[in-house]
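Protein chains in written order, with this note's numbering: chain A, 1 to 132; chain B, 1 to 140.
By construction, these hints were calculated from the structure, which means they are not laboratory data. Using N, Cα and C, we set each Cβ at its ideal position, and we do this for glycine too. Heads up, some of the hints might be wrong.
Derived list of chain B stretches under chain A, where covered just means 3 residues or more per stretch with a C-beta under 8 Å from a C-beta of chain A [as the list claims (entries may be wrong)]:
#, region
1, 20 to 26
2, 102 to 109
3, 115 to 127
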Amino acid sequence: MLIKNDKGTPEINSGSMADIVFLLLIFFLVTTTIDTDKGISLVLPAKNSEIVKMIDRNLVTILINEAGDVMFEGEKTAIPEIATKARELIQNNDKLAFSVKTLKQTRYDAYIHVLDQLKRAGAKRISIAEPD
Amino acid sequence: MQFKKKAQAGSGISTASMPDIIFMLLIFFMVCTVIKSSSGLNVILPDAQKIEKLPGKRGVGVIWADRAGNLTIDDRFLNPNDISGVIYQKAIDLTSPLKIVSLKIDNQVAMERVTQIHEELREVGEAALNVNYSAKTAAD
């Protein structure tokens, strides 16, 4: 038995289409994570830049050995304490430069942690000494 | 004096073209988005707190170094001595000249290797001196 539909073909209301598309758009907007690269920025010295002689009292040397121990101005210092120490020194002398020196077998993460500490202390002048 | 109201003529804006506009926006963003095409090496990045974002992906050269001693740029394995050549090619590229070099180095890599990379970048000159040591945010 057939039921006649004598009212013609019914139309789907297309007004809600916009809502559906919006919903999709918002869903993807929220769920997409654009992976932004983050890291510590540093400017390397140019190859043939002249060597600037630093006055000793404007230079703080930081040595990192293979075990990740840090010598801060000739004094063994734990890495998390570098930021506070460096900040104090910068407050007294804003021309201060930090020279970070590593050994060949020093691990990269120790180096990054030290740089991070210096950045946190607000150090602007950081130089990288070549390992011997 | 009062204006007469308009007659029944429907004055609402038709919303039927709304989906088209939104689709167009969607397609615009799909086309403009640059999806990273090289997959890189398997590295565990060091963590840091005072980190800065890189400005987009254009003009960024990425050097990968893993703990096994491999070095890659754009998924090509290289000898340390070849870095300067490849980076130089990127520096003179006219469509997206190199502005910054992102170093994705495993946290266990020895500084000897890092210094080697520094030296190679200094060979290239000005364009390659801005480096960014990729790091992940420290939990604190």
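**Request:** Check each numbered hint against the structure and report the violated ones by number, ascending.
**Result:** none
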